[in-house]
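Trainee: Reading the sequence shown from the start, the letters are residues 1 to 453 in my numbering.
Simulated from the structure, these hints should not be mistaken for laboratory data.
On a predicted model such as this, the values are computed, not experimentally measured, just so you know.
Keep in mind that the hints are not guaranteed to be accurate.
[Claimed, not checked] Simulated pairs of lysine-lysine, DSS-like, Cα-Cα distance not exceeding 30 Å:
#1 Lys278 <-> Lys288
#2 Lys431 <-> Lys288
#3 Lys193 <-> Lys278
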Amino acid sequence: MTRLLIGNDFNEDLFTRIAASWSVQRLAWFAEDGDVLVLPVRPEEDFLTYVTSLTGTRRSTLQVVVPPPGHAGTDLLTADRLCDPGFLTELRRALAGRPVADVLALWPDTAVVVLARALGAEDAVPGGAFVAQSGGPLVNSKTVFRAVAAGAGVPIAEGAVCATRERAASAIVELLDANAPVIVKQDYSLGGKGNEILSPVPGVEPVGARRTLSVSGVPGVHEYLDERWDELSRGGRDPVVVERYHPGSTSLFAEFLIADEGVEFGGHGEMIMAPLAKAQVVPARGLKPDTARELVDHGRRLCDTLHTMGYRGRLSADAVLTPDGELFFTEYNGRVTMSTHTYAVVGARLAGLDNADDRVVVERIWPDGWSARSFASAVSALAEAGLAYDPSTRTGVVFSSALDLRDNSIMQCVIAEDLTSAAAYESRLEKLFGPGGTASRTDPNGEENAPCG
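When you get a sec, could you build the whole thing from the sequences and use the hints?
Mentor: Given below as structure tokens:
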């Protein structure tokens, strides 16, 4: 069976984002024998060899096809790149007459259906009819989420979807007058980067948002919206979410696979925010049984609704657990997320989380200055330090991303028996890859080392 894997972690109609060609290379974790991968840039061979050595996929059976640069350059798989005639010729050559049985795209974009149609494989796109009619934005919209969740009886924080500045002002004032902090959200921004917290009192940390502003009274709210409404609404194109913010909450997620046959639970975890997503823990630890069950049951209820609508693919249902023990869902993400490989491959296949609960996976998403001179040198340093993943013990460190060449940072997953053991791994990793570490890009004097292979 030949599958086509597409590293398109992006929708150009919705997002303006920093180029992240290194991030989409996580697609390699999902590769199986005989797959063809479409990526925005050619990945390092060291990275592909490393990943396939852990997953058991035969590297020799995989083919990687990279389309010519598009209007946005080489870092993103924009639609013009995916329909380039030369690229299509090269892709057909890589397929060598083999029919495409399945298409796995990171983001359910219409360009994926157009590409599959050009290959005569439109039926291989899960939920292709839904995606072809621009269904992707519906399952990644914070405003649509609130309507779907409310209709399905899934608990959401008090608030409103605001199509006008006036409605936003009214909703913000109502919450602030009740002495409650408010979080204001752009519809499609990722990772909390489009979120801002407004507080009537000082001291509220911007967890899950880029900043906190002190705002009170009708004049203060109008002054804020006069300055920020255009950006928040993308020039009036999108509604804006206004909802009550619960300080001190724990950020959780539950991911599912929505298939023709129904909804399958994948895994859950906790996002560590400082203030934006910094790390994740899979599975989420310390949840009361009733809370864990509620997280999964309500997430499944969202998926059931989207299944009826025709969406097929991964869905993450995100929630917060307040200090009072209340669970509120905050958004959903209908795509292959930065957590999918963590629970579905590293967690299930390496840590064995699909068969046991005696392991935890802690992934550092933003390494805070940790870096390596090269991917190959990082792998060598890990092995020499005795930290590399050991399949016999199901413990150790796995590099979960390619090297980000913008700052030579690298994402790591620690597989351990518990959080205490994971913290011990992290302490040793900092001595290797932290500022001045022996395997870091910078030497103890803070000077950059020359790249080495």
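Trainee: Each of the hints needs a verdict: does it hold here or not?
Mentor: How the hints compare with the structure:
1. Lys278 <-> Lys288: With a Cα-Cα distance of about 24 Å, the restraint between Lys278 and Lys288 holds, given a limit of 30 Å.
2. Lys431 <-> Lys288: Given pair Lys431, Lys288 is violated - Cα atoms ~35 Å apart, limit 30 Å.
3. Lys193 <-> Lys278: Distance of about 13 Å is within 30 Å: holds.
When held up to the earlier numbered hints, the structure conflicts with hint 2 and nothing else.
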